[in-house]
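Student: Just so you know, the sequence shown maps onto residues 1 to 257 in this note's numbering.
Check before you lean on any hint, since a few could be wrong.
With a straight-line Cα cutoff of 25 Å, these simulated DSS-like cross-link-like pairs (lysine-lysine) come out [claimed, not checked]:
(1) K93 x K111
(2) K47 x K93
(3) K111 x K217
(4) K59 x K93
(5) K47 x K70
(6) K200 x K111
(7) K200 x K47
(8) K111 x K59
(9) K93 x K217
(10) K41 x K70
(11) K36 x K93
(12) K36 x K70
(13) K200 x K59
(14) K36 x K47
(15) K59 x K47
(16) K59 x K70
Keep in mind that the hints were calculated from the coordinates and are not lab data.
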Amino acid sequence: MGPGLPPPPPPQAPATAGSAPTSPALAGGYDDTYYKDAIGKTGEPLKDALHNVISTNSKISYSQVWEALKNTDEDPRNSANVILLYSGRSQSKSSNGGNANDWNREHVWAKSHGDFGTATGPGTDLHHLRPEDVSVNSTRGNKDFDEGGSAVSEAPGSYTDADSFEPRDAVKGDVARMIFYMAVRYEGGDGFADLEVNDKAGNGSQPYLGRLSVLRKWNAEDPPDAFEQRRNQVIYDDYQHNRNPFVDHPEWVDEIW
């Protein structure tokens with residue numbers, strides 16, 4: 001449920017120079033003509049159709065991600081701050097960097113899972129990049145997602161063990177939907193690995209990330225809230241001009257996996 005904060009005002013998405021044209025607004029500022037080639041499909045045909053819809057996105061550099069995150073993850077209560085994903089902390093936008101208690105750029109799909117690094121493409125895709133405390137980001141490392149372990153200092157409600165990380169309840173669904181997006185968007189083209197979700201932890205440098213059964217559960221238990229929906233809209237309007245289909249249609253997770 002995003003950062004667990006009151007919802008911001010509904011996003012306004014007029015077309016502007018350099019931005020994607022918007023469809024007549026329904027929930028979330030778009031309508032389902034965006035997904036017209038996917039509606040009514042299930043299973044692998046649905047996954048393939050969604051890949052075709054979302055894979056024509058614009059791309060930004062890794063350095064541009066800093067400024068983008070200040071917009072996508074803005075605290076609705078304080079426009080000078082961002083909300084840190086796992087920590088839930090509201091922190092000054094200007095305190096980004098690499099020092100203790102700064103925030104940096106967390107790859108929710110760990111970049112070593114498929115070895116894509118910070119190259120333009122999956123390494124700079126805003127749909128899975130989030131601001132996070134430097135030390136918490138390090139604690140998560142490249143671990144898969146699962147439940148259990150020891151409490152993570154500076155991230156209340158999060159837990160970790162040797163091969164997995166469990167985020168706080170308020171963002172469990174957010175994490176799951178980011179992972180499912182990556183598994184649909186990156187299918188082995190563009191010179192990058194075919195990213196897939198599996199039902200194990202400890203995937204190492206393989207282009208897989210789990211645990212699927214847990215991620216499906218989190219998607220169901222923590223549906224998209226206004227923060228997550230606004231984030232999806234901002235990425236669509238201002239940066240990549242593509243959407244995370246599982247924020248718009250969380251039910252599609254079970255239709256595919």
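Student: Are the hints correct? Go through all of them and say.
Tutor: Hints, verified against the model:
1. K93 x K111: Within the cut-off at roughly 24 Å; holds.
2. K47 x K93: violated (36 Å)
3. K111 x K217: holds (24 Å)
4. K59 x K93: holds (22 Å)
5. K47 x K70: Violated: K47 and K70 sit about 31 Å apart, past 25 Å.
6. K200 x K111: holds (17 Å)
7. K200 x K47: Holds: K200 and K47 sit about 21 Å apart, inside 25 Å.
8. K111 x K59: Cα-Cα ~17 Å, so holds.
9. K93 x K217: Cα-Cα ~32 Å, so violated.
10. K41 x K70: violated (36 Å)
11. K36 x K93: violated (37 Å)
12. K36 x K70: Violated. K36 to K70 sits at ~32 Å, over the 25 Å cutoff.
13. K200 x K59: violated (31 Å)
14. K36 x K47: Satisfied, since the Cα-Cα distance of roughly 13 Å is no more than 25 Å.
15. K59 x K47: The given pair, whose Cα atoms are some 21 Å apart, holds under the 25 Å limit.
16. K59 x K70: holds (17 Å)
In terms of the numbered hints stated before, the structure departs from hints 2, 5, 9, 10, 11, 12 and 13, listed from lowest to highest.
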